[in-house]
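J.: First to last, the protein sequences are chains Y and S.
Residues 1 to 893 (this note's numbering) are what the first sequence spells out, left to right.
Residues 1 to 111 (this note's numbering) are what the second sequence spells out, left to right.
If you are wondering where the hints come from, they were derived from the structure by calculation, not from laboratory data.
Ideal placement from N, C-alpha and C gives every residue a C-beta, glycine not left out.
Warning: the hint list may mix true and false statements.
Stated by the list, open to error - Partner residues aside, some chain Y positions facing chain S, computed with beta carbon under 7 angstroms: (1) Gln5; (2) Leu8; (3) Met10; (4) Glu26; (5) Phe29; (6) His30; (7) Phe56; (8) Gln60; (9) Trp62; (10) Leu66; (11) Leu69.
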Amino acid sequence: MALHQFLLKMWSLFRRRSMRREFAEELEFHQSLLREKLSREGVPEAELDTATSRRFGNGQRWHERLTELWRFQMLENFFRDLGFSSRLLRKSPGFTLVALSTLALGVGANTAVFSLINGLLLRPLPVPHAEQLAVLRIEEGGPEPNYEFCAPLFRGLEDRHEVFADVFAFNSDVLQVKGRSGNENIEGMLVSGQFFRALQTPPLLGRYLTPADDRRGGNPEGFAVVISEHFWEKWFARAPDVVGRKLTIANTPFTVAGVMPKRFIGADPTRNPEIYAPLSADPVIDAPRNHIEDGIHAWWLTVGARLQPGVTLDQANASLATVSLPILHQASSDADWISGEEKGHFHFLAEPGSKGFTFARLLFRKPLEAMFFMCLGILLLACLNLASLLMARGAVRERELATRLAIGASRQRLIQQLLGESLLIAVLGTAAGIAVAPLVSKSLATLLMSGPMGWHLNTSLDVRVFGFAACATVTAALLIGLVPALQATAGDVTEHIKDKQHAGKLNRRGIWPRVLLASEVGLALVLVFGAGLLATSLARLYRSGLGFNSRGLANIAFSMDKQPLEGDALVRLYQSLDDGLRQQPGVRNVSFEFIVPLSGRGWDNEFAASGAQLQRLFLNSVGPEYFATMDIPVFAGREFTWADEKASGGKITLNQSAAKLLFPGESALGRQIVDREKHSYEVVAVVGDAKYRNMRTPAPPEGYIPMQQDEQKKLSLSAVVRTDGPVNALALPARALAARLAPTIPAPVVTSVEDELKDSLSTERMMAVLSSFFAVCALLVTGIGLYGTLSYATARRTSEIGIRMALGAQRGRVMAMIFRENGLVAAIGTTAGTAAALMASKALASFLYGTSPFDPWVLVGSVTVLTVIASGASLLPALRAARIEPMAAIRCE
Amino acid sequence: MVREESGELIQGTLEMLILKALGRGPMHGYAVAEWIEQTSQQVLKVEEGALYPALHRLQLRGLLNAEWGASENNRRAKYYKLTAEGKKRLNAEAQRWARLSAAVAFVMQTS
Numbered sequence: 001m002a003l004h005q006f007l008l009k010m011w012s013l014f015r016r017r018s019m020r021r022e023f024a025e026e027l028e029f030h031q032s033l034l035r036e037k038l039s040r041e042g043v044p045e046a047e048l049d050t051a052t053s054r055r056f057g058n059g060q061r062w063h064e065r066l067t068e069l070w071r072f073q074m075l076e077n078f079f080r081d082l083g084f085s086s087r088l089l090r091k092s093p094g095f096t097l098v099a100l101s102t103l104a105l106g107v108g109a110n111t112a113v114f115s116l117i118n119g120l121l122l123r124p125l126p127v128p129h130a131e132q133l134a135v136l137r138i139e140e141g142g143p144e145p146n147y148e149f150c151a152p153l154f155r156g157l158e159d160r161h162e163v164f165a166d167v168f169a170f171n172s173d174v175l176q177v178k179g180r181s182g183n184e185n186i187e188g189m190l191v192s193g194q195f196f197r198a199l200q201t202p203p204l205l206g207r208y209l210t211p212a213d214d215r216r217g218g219n220p221e222g223f224a225v226v227i228s229e230h231f232w233e234k235w236f237a238r239a240p241d242v243v244g245r246k247l248t249i250a251n252t253p254f255t256v257a258g259v260m261p262k263r264f265i266g267a268d269p270t271r272n273p274e275i276y277a278p279l280s281a282d283p284v285i286d287a288p289r290n291h292i293e294d295g296i297h298a299w300w301l302t303v304g305a306r307l308q309p310g311v312t313l314d315q316a317n318a319s320l321a322t323v324s325l326p327i328l329h330q331a332s333s334d335a336d337w338i339s340g341e342e343k344g345h346f347h348f349l350a351e352p353g354s355k356g357f358t359f360a361r362l363l364f365r366k367p368l369e370a371m372f373f374m375c376l377g378i379l380l381l382a383c384l385n386l387a388s389l390l391m392a393r394g395a396v397r398e399r400e401l402a403t404r405l406a407i408g409a410s411r412q413r414l415i416q417q418l419l420g421e422s423l424l425i426a427v428l429g430t431a432a433g434i435a436v437a438p439l440v441s442k443s444l445a446t447l448l449m450s451g452p453m454g455w456h457l458n459t460s461l462d463v464r465v466f467g468f469a470a471c472a473t474v475t476a477a478l479l480i481g482l483v484p485a486l487q488a489t490a491g492d493v494t495e496h497i498k499d500k501q502h503a504g505k506l507n508r509r510g511i512w513p514r515v516l517l518a519s520e521v522g523l524a525l526v527l528v529f530g531a532g533l534l535a536t537s538l539a540r541l542y543r544s545g546l547g548f549n550s551r552g553l554a555n556i557a558f559s560m561d562k563q564p565l566e567g568d569a570l571v572r573l574y575q576s577l578d579d580g581l582r583q584q585p586g587v588r589n590v591s592f593e594f595i596v597p598l599s600g601r602g603w604d605n606e607f608a609a610s611g612a613q614l615q616r617l618f619l620n621s622v623g624p625e626y627f628a629t630m631d632i633p634v635f636a637g638r639e640f641t642w643a644d645e646k647a648s649g650g651k652i653t654l655n656q657s658a659a660k661l662l663f664p665g666e667s668a669l670g671r672q673i674v675d676r677e678k679h680s681y682e683v684v685a686v687v688g689d690a691k692y693r694n695m696r697t698p699a700p701p702e703g704y705i706p707m708q709q710d711e712q713k714k715l716s717l718s719a720v721v722r723t724d725g726p727v728n729a730l731a732l733p734a735r736a737l738a739a740r741l742a743p744t745i746p747a748p749v750v751t752s753v754e755d756e757l758k759d760s761l762s763t764e765r766m767m768a769v770l771s772s773f774f775a776v777c778a779l780l781v782t783g784i785g786l787y788g789t790l791s792y793a794t795a796r797r798t799s800e801i802g803i804r805m806a807l808g809a810q811r812g813r814v815m816a817m818i819f820r821e822n823g824l825v826a827a828i829g830t831t832a833g834t835a836a837a838l839m840a841s842k843a844l845a846s847f848l849y850g851t852s853p854f855d856p857w858v859l860v861g862s863v864t865v866l867t868v869i870a871s872g873a874s875l876l877p878a879l880r881a882a883r884i885e886p887m888a889a890i891r892c893e
Numbered sequence: 001m002v003r004e005e006s007g008e009l010i011q012g013t014l015e016m017l018i019l020k021a022l023g024r025g026p027m028h029g030y031a032v033a034e035w036i037e038q039t040s041q042q043v044l045k046v047e048e049g050a051l052y053p054a055l056h057r058l059q060l061r062g063l064l065n066a067e068w069g070a071s072e073n074n075r076r077a078k079y080y081k082l083t084a085e086g087k088k089r090l091n092a093e094a095q096r097w098a099r100l101s102a103a104v105a106f107v108m109q110t111s
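Working from the sequences, and respecting the hints, build out all of it.
T.: Next comes the structure, spelled out in structure tokens:
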């Protein structure tokens, strides 16, 4: 019925004029019949017209009533309100600017962070029936769930089809693909036989990889690969005959079997592989490493599965529980390992996998959630601020609204109109926020995910993001509009109209404005305190020192694993690279290292002084003059030299912590230590401690071994170069040098250690930067809110203040009176905010370095800053009030 | 709305009466008013100012259809006709009214 009515009304919209004519005709017809009837009843001709119109009434009025019936009352009122509201907003551009920009900030920040969360945590994989996918993990009694599998365990699972239609594994890898100018590093993925079948995405061209490709040595014709549409475009210019062509990967020919469409990204949402190669090609692709042969010592695979239709996750887990132990026993003959795992109640567990799997999720979930709550805080703050400003404005319009109520406007109608205004602000502000959100989220994603892991995050807008933004808009509009609207129309009608002076009536206006302002102050304090904690923690992290000097230090990574030289010949190649790099302008020192500090990678072994207990040391292989290059102090002994070869006997340099650990209270220099395999090393130097895996962990005990004595055959090292010039300037010479000395290796990657350092702190930095930004905004918004409401209130009291002054009130007293209005609100807000901040800060504890979540100095600092802002915002209106000229003020009423 | 001779208003009954009138076949507005007046033996007088808004409201709600046609004396007039929905509503209203008036009569008769 409602639809019928709507359609009829819509129809009438298009035929307004003929509708009006029909109304007139219908009424006229009735009138004429009435007239005839009256005439039949004997009314004289002269009186007929008056009698008819007396009986019929005012034709014009009936006409209007009919027209009204056929109109969209609500809609037309709404448009009228909108027009009225936009006129009002245009009249006070300052208010409008503040309103729109705070809201845009709140909504923009929220949408940006939400699209990050969406990209990382919510968006399902773009494959058919993603809900049937599962991710497998191993429970073995450790504190953290383990998502890394070794090949034997995966192969044991692969053929269990009782509950799974397909079980697959994958591993992101960098492939060395031969291009026109030597080998290039290309992002790729090793995938098991059922990978593509499980993901059910048909190839664009050719075929995808099947279990027949995932055999030792590949399918009968050799190894096959599937490439991405992007790679097809870049390397083959979309050649239609690409299927069957050869690609040389790791110096081995691979046949292109098919092309996957753009939308297909595999099962890791943060990866975008260009080439998919079979898992069993690992010995070729990762040579000289061989993860498959390493068996239970290489945990390198992510395992997923597609459930059989109709099978639930619980059923799958029940089935996995029964096969876990048999697979474990099959995986290895290492009895120690098996019994260790059995003690930890080893079993496989399937969890929902519609969103695929990425390690980035484990790392970034908590920081993103923390940031999301911060954003919600700022949005709430923006809304509270707008509500209080609108309320103050509503107070100015109080009399107008009261008058309208008195002459018959319904309360509902007035609320509608006031809501229209806030809806307009909300829609415009949100639109502005959403417009900038993609840009913000993209840069946040880059800030967060920059670094050695090479994660991509798709933060594009989708249905979920728009839905979120729409919810945010509506909630904001209601929050902003309803309180002031109810407030402004609540009063007693006659009170408002009588009440001309408003003298001393501030109390009467109720508790609402003060509650809003106080919660604003409290919320701002929470945000400022949180930001203070994060910033302090970051500063302490930086100040904690690295143990080496990162300024002017470059890393040049050489991939030597696929070139022909090894052993001493490779050392000589490194020596020539060393010479070549030293000749570059600005270069002061050059050395080599295996583990790049702070890259997250690590290598360790156990060592003992003779007769003493084994101690765990972290290790690195380094070149000559390493400590001079890194600016690590050498406390005793000497640097390594090119003469420290294998033949000259094992050498090791200990850092201070390691020396203390192995030789407590003695000098370590010249002593011998042995490792677990009974190799012995002479301690040739003791050097300063330096951070190893990341900045958060203090420098561990560490040993350095000469690079010539490293047991890996084809050691890929990074050159560390201390330069006076810009780090980027080294990229071209390094490439030229590599092309001349080792023509088959991919172009070396040059990075600045300063940048890497920043990357390793990306989470901390982003949280500190964002929270500080939010804190500044919160302070600004709160200041504006306090200032705005107080100056509206003061403006309304101009005449009252004038009278007070005329009666002899001191200017100082007047100032204090106005100032006190906000003082109380700020004090209450600060107290409540402190309590809330101390409760909320616990959630930040895990992000803090060397900083307590209850750090008293940060708290005192936050309260001080807020007090200064609040005082400043209250002082201006107070000063203005004190400058009121009594006579002028009284006269203006 | 509908005015009884005593001048009191019977709330909400006009629409029911219009439906009843049109239950006999298509009519224009004037005829509806006449029929109600005559059938009630001049007890119920329909005000024009209420009649047309009521007719249009019923039309908007889909209970009536309207069509232009020729009147008895060959003039263009707007004829209203019950829709299927309107017939259903008429039956429902008639039953409700019968129950209501019987109940009221019963209450008033008790001594």
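J.: Could you run down the list of hints and mark each one as holding or not?
T.: A quick look at each hint next to the structure:
1. Gln5: With a minimum Cβ separation of about 5 angstroms from chain S (threshold 7 angstroms), the hint on Gln5 (chain Y) holds.
2. Leu8: holds, 6 angstroms
3. Met10: It is violated, given that the least Cβ distance between Met10 (chain Y) and chain S is near 12 angstroms, above 7 angstroms.
4. Glu26: holds, 5 angstroms
5. Phe29: With a minimum Cβ separation of about 5 angstroms from chain S (threshold 7 angstroms), the hint on Phe29 (chain Y) holds.
6. His30: At 5 angstroms from the nearest chain S Cβ, His30 (chain Y) passes the 7 angstroms test, so the hint holds.
7. Phe56: holds, 5 angstroms
8. Gln60: violated, 11 angstroms
9. Trp62: holds, 5 angstroms
10. Leu66: holds, 6 angstroms
11. Leu69: Result: holds, 5 angstroms to nearest chain S Cβ.
In summary, the structure is inconsistent with hints 3, 8 from the numbered list given earlier, while agreeing with the others.
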